[in-house]
Amino acid sequence: MKTILAFREEEFAWSHEVFSCLHPLLLPLCNKPFIEFLIDFAILTGSTAVRILCDGGINPIERYCENGSRWGIALSYGSLHADDSAQILLGKNRKFCGEERIMIVSGFSFIRYDKRLDYKSLASSLPEGEWAACPGGSITLSGAPEKPPADGAAAPLSLMPLDGMASYYRASMEALETGADRYVLPGYGGEPGCAIGRNVVISKSAQIRKPVSIGNNVQLLGDTIIGPSAIIGSNVIIDRESSVESSIVLDNTYIGEHLEVNGRIASGNRLNDPRSGASISMEDPHLLGSIKKSQTLSALPRKVAHALAALVMIAVLAVPFLFLWPLLKLGGRWRSAQIDCHSENPGETISLGKVELDATNALGAIASTLSLDHYFRLFRVLTAELALIGSTPLPAEAQHPNAPANALAYRPGVFSYAEAEQWPATGDDAAIVERYHLVHSGPISDIGLVVKAFVNRPHEKSSA
Amino acid sequence: MIITETSANGIVIVALEGNLDALSAPKLRGSPPVADPKTAIVLDLEKVDFMDSSGLGAIVGAAREKDDPACGIVLSCMNDKVRRTFETTNAQRLFHIFDDTAAAVDFAATRQIART
Numbered sequence: 001m002k003t004i005l006a007f008r009e010e011e012f013a014w015s016h017e018v019f020s021c022l023h024p025l026l027l028p029l030c031n032k033p034f035i036e037f038l039i040d041f042a043i044l045t046g047s048t049a050v051r052i053l054c055d056g057g058i059n060p061i062e063r064y065c066e067n068g069s070r071w072g073i074a075l076s077y078g079s080l081h082a083d084d085s086a087q088i089l090l091g092k093n094r095k096f097c098g099e100e101r102i103m104i105v106s107g108f109s110f111i112r113y114d115k116r117l118d119y120k121s122l123a124s125s126l127p128e129g130e131w132a133a134c135p136g137g138s139i140t141l142s143g144a145p146e147k148p149p150a151d152g153a154a155a156p157l158s159l160m161p162l163d164g165m166a167s168y169y170r171a172s173m174e175a176l177e178t179g180a181d182r183y184v185l186p187g188y189g190g191e192p193g194c195a196i197g198r199n200v201v202i203s204k205s206a207q208i209r210k211p212v213s214i215g216n217n218v219q220l221l222g223d224t225i226i227g228p229s230a231i232i233g234s235n236v237i238i239d240r241e242s243s244v245e246s247s248i249v250l251d252n253t254y255i256g257e258h259l260e261v262n263g264r265i266a267s268g269n270r271l272n273d274p275r276s277g278a279s280i281s282m283e284d285p286h287l288l289g290s291i292k293k294s295q296t297l298s299a300l301p302r303k304v305a306h307a308l309a310a311l312v313m314i315a316v317l318a319v320p321f322l323f324l325w326p327l328l329k330l331g332g333r334w335r336s337a338q339i340d341c342h343s344e345n346p347g348e349t350i351s352l353g354k355v356e357l358d359a360t361n362a363l364g365a366i367a368s369t370l371s372l373d374h375y376f377r378l379f380r381v382l383t384a385e386l387a388l389i390g391s392t393p394l395p396a397e398a399q400h401p402n403a404p405a406n407a408l409a410y411r412p413g414v415f416s417y418a419e420a421e422q423w424p425a426t427g428d429d430a431a432i433v434e435r436y437h438l439v440h441s442g443p444i445s446d447i448g449l450v451v452k453a454f455v456n457r458p459h460e461k462s463s464a
Numbered sequence: 001m002i003i004t005e006t007s008a009n010g011i012v013i014v015a016l017e018g019n020l021d022a023l024s025a026p027k028l029r030g031s032p033p034v035a036d037p038k039t040a041i042v043l044d045l046e047k048v049d050f051m052d053s054s055g056l057g058a059i060v061g062a063a064r065e066k067d068d069p070a071c072g073i074v075l076s077c078m079n080d081k082v083r084r085t086f087e088t089t090n091a092q093r094l095f096h097i098f099d100d101t102a103a104a105v106d107f108a109a110t111r112q113i114a115r116t
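From first to last, the protein sequence lines stand for chains A and B.
When we follow the UniProt record's numbering, the leftmost residue of the first sequence carries the number 1, and every step to the right adds one.
When we follow the UniProt record's numbering, the leftmost residue of the second sequence carries the number 1, and every step to the right adds one.
Read the hints as simulated data drawn from the structure, not as lab findings.
Watch out, some of these pointers could steer you wrong.
[What the hints assert, rightly or not] Under the rule of at most 25 Å between Cα atoms (straight-line distance), these lysine-lysine pairs were calculated in the DSS-like manner:
id, chain 1, residue 1, chain 2, residue 2
1, A, K95, B, K47
2, B, K47, B, K27
3, B, K27, A, K452
4, A, K95, B, K81
The shape of chain B in the complex, shown without the other chains (with noise of 0.2 Å):
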């Protein structure tokens, strides 16, 4: 799995490629602007081969951290095989999910100044 950390806008993107399973997640869940209960992040899926349960955990718990549970994590450009994990799991009702990562910065820093 390799992450690459960008910003935008003020908002940190977080760019995951490869398979975010048991054996990444760890990595995920460690990485500084994802562990920060205050950095609002934008998780790019677009090159996420396969994701599991663990992987989803990582998310799921990552967001459960954050200070704005609802907007703390912002997902864009899932894949189809990602996106159904999410939608079968119903995982999908706790994130806003944008399929342009652009976008979702912007969303991101609207909510993130709102905020403050």
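Isolated chain A (complex conformation) (with noise of 0.2 Å):
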């Protein structure tokens, strides 16, 4: 028995807008990711290899499960296209498939199981076809029975689509009151309905209400009350004299002194109430902040290589610029207009200044083989407004599928990775290529490729 889980990224595309910081399988539900439950159910039914599909971004889910030996199995990953049939996803996975019965998870819905039935008998002498299957999910067999149908009870199987916050608020709690009876959750307990993971600090005077499940570095300080229903995550501190009831403190939180945290989610600064989907983001760190380190510092070598190559830039081009710019400008061969563009940073835009060069005019084709378009825009490199080298800006208005919020990466640059390329293809493709980069380039490579962009830019408008 081998069981493929597959997901469709619009199935779980509500998870980004909510918890922005976490990828939507590795959501946990009762401290727990999601996408461990589904292992454990594929272990439960026999398999003893599970390969994860998915048609979007797949790599912090492998870097999570790697290749399975946490679990003894053997994992793999794969994609497909959002509208592949069982069929074509079977034929896509053919060798891993190879002769053995295979169980398809599809859909990002939460299993309602229970570890102490024997899953294994029934997923073997199950005939072909539908097991499982709610709005949005379902889980199939496919290959014949290797069995004969089993007498007595069929265990019980159910499907709960996870299809918003509301969804996914009750499915945590249904897993942390059914609790460790039906599923295997992380943390110690020396009683049912109470579970505490590692190196939690629990002030005196604090009471936890069962059920619970609190994970790893947790620190409940004075006169704090956890429960009933509470789930709190890891790295997270209560402070002194707030209460948390059937709400989920999300991993990374910090929640301040004198608050009751009662039916809500609560996810770094940003706090959601389930039921009617409003969230509120805090600004104040002492009422609900994110604790999670800050990437500014990894991001300072490559702001200040990029800073100082802007300068070179500045200084050698300003000559040329001088001369050539009061000219063009008088001549109406310099048309500049402002555009709002998506920041680095996710909900800010930034303003820059679009030029368009006549370039059949002999010091238009100067100035363009110079780049002098860019000029303006190398002084926001000092600002680190933008990068030397990066991503086309986006302009903010437009609905676009490269927009930093459906984005993997997204650095605008002065220079785009796509131009130093000299991409072959057109269009949203461009972004493959700059994506790439963003995620392998150094502060030194970086430099080489505005050299290269610098270079190619004229030639680019040449063939065009």
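Fit the two chains together into the complex; they arrive one by one in their own frames, and the hints show the way.
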């Protein structure tokens, strides 16, 4: 028996908006990433190998699950298209499937199972076809049964679609309340309904009311009340005299003093009401703030290298710019406009000047060859608003498939990696090479790519 | 980079071996079945040790030249390194990717029949 877990991005698009820092498949349900529930179920059905397929990015899942040795199974990864049928999925993974029976778990759904029951016999004896289904999700079996049908009642199994914050909250609470009887849940506990992780500091005056699940590296300070029905993630601090009831506090969150969190999901500096879908972001770190490590420091060497290179370019291009710009401007061959573009920081925009040069004129052609149309933008590198080389700045008003909210990586630059690489395809394909370099390039290779972009831009224009 | 061309079921299988980078990408683009817009091919990447943005560009560019961009190039047998490059850049959305060359050939042949 082998299992294919198939996910389509549209099924969990809601999660990107609410929990933007987490890959949806790693979203914790009762302090256990969602994907682990599915892997556990695959193991219960006797699967020796699991393949995870997704039509979007899957790297965070691969980093987390690795090769599956943690579970004693073989884990592998692949991609699919959103409209692939089960038959096509089996074809695309023919080598993986071999001659064995295959269970396909499709959709972003929570599987209600009971670890005490024998799903292995059931999965190997059920006829080919759908085993369980819900809107947007299904479990299907493919291949001939390995055993004759088993006698007795079928093991209960149902699916709950995770199609929004409300269903995520319900599934988490259900996992907490049914507890370790039905699912394999993390944490230690001397009694049912109370699981506590490692390195948890509980003040003498703190109260814990079952059922609760508390992650690792948690501090519960004086007079806090946790529970009933509270899920506290890892790296969380609950400050003095605060209470958390019927709520989920996700990893890396700080709950400030004198707060009552009831029926909410707290994630970083964001507080969500799962019933109404409303959410607020707290700016005051003393109320509710993320204690996640800042990425500012790791970007510093790149910003310094880009700023220095920009400074050199500003100095070198100053003479031709000061000579050509007034002439082109007076001749009407330098047309500029301001456009608002997405900034590197999500939700923010930057105003950039867009210059159109008339390159049919000799002066215009020289200015274009020297990339003088980008001259003003070089100053924005010094203020770290732009990178010297990065993604093509995307207009803020346009609904673009590569908009920062959708893209895997985005860092607007004066020059783009696509220009440096003379990327052959057009349109949105340029984002492919830009993402490649955003992930793989370093400060030094960036400088080399700037030179390439500087050389390639005139060539690109002349061939266009 | 060694490029081997075979055919099965009316589909050309182009097997690559070695590094697919700035040096070898033009050789791939120049390969007749890859460059011909009408020929649907299966690109076997099992023995590709390394692929950079130029190699990726060669494959994406060739697919865009095909009459049927979605199925003109079907990819098969990617190793983990190459698969990660595709996933990092989201380029996997542009291709049908199989873990078995024979299955990829069947798929490409079915699509070609459907088109004609």
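- When you check the alpha-carbon spacing of K95 of chain A and K81 of chain B, does it fall within 25 Å? Since the Cα atoms of K95 of chain A and K81 of chain B sit roughly 18 Å apart, the hinted pair holds (cutoff 25 Å).
- Message: Between the alpha carbons of K95 of chain A and K47 of chain B, is the straight-line distance 25 Å or under?
- Response: holds, 16 Å
- Query: Holds or violated: are the alpha carbons of K27 of chain B and K452 of chain A at most 25 Å from each other?
  - Reply: Holds. K27 of chain B to K452 of chain A sits at ~21 Å (cutoff 25 Å).
- Message: For K47 of chain B and K27 of chain B, compute the direct alpha-carbon distance and say whether it is at most 25 Å.
- Response: holds, 16 Å
Checked against the numbered hints listed earlier, the structure breaks none of them; every hint is satisfied.
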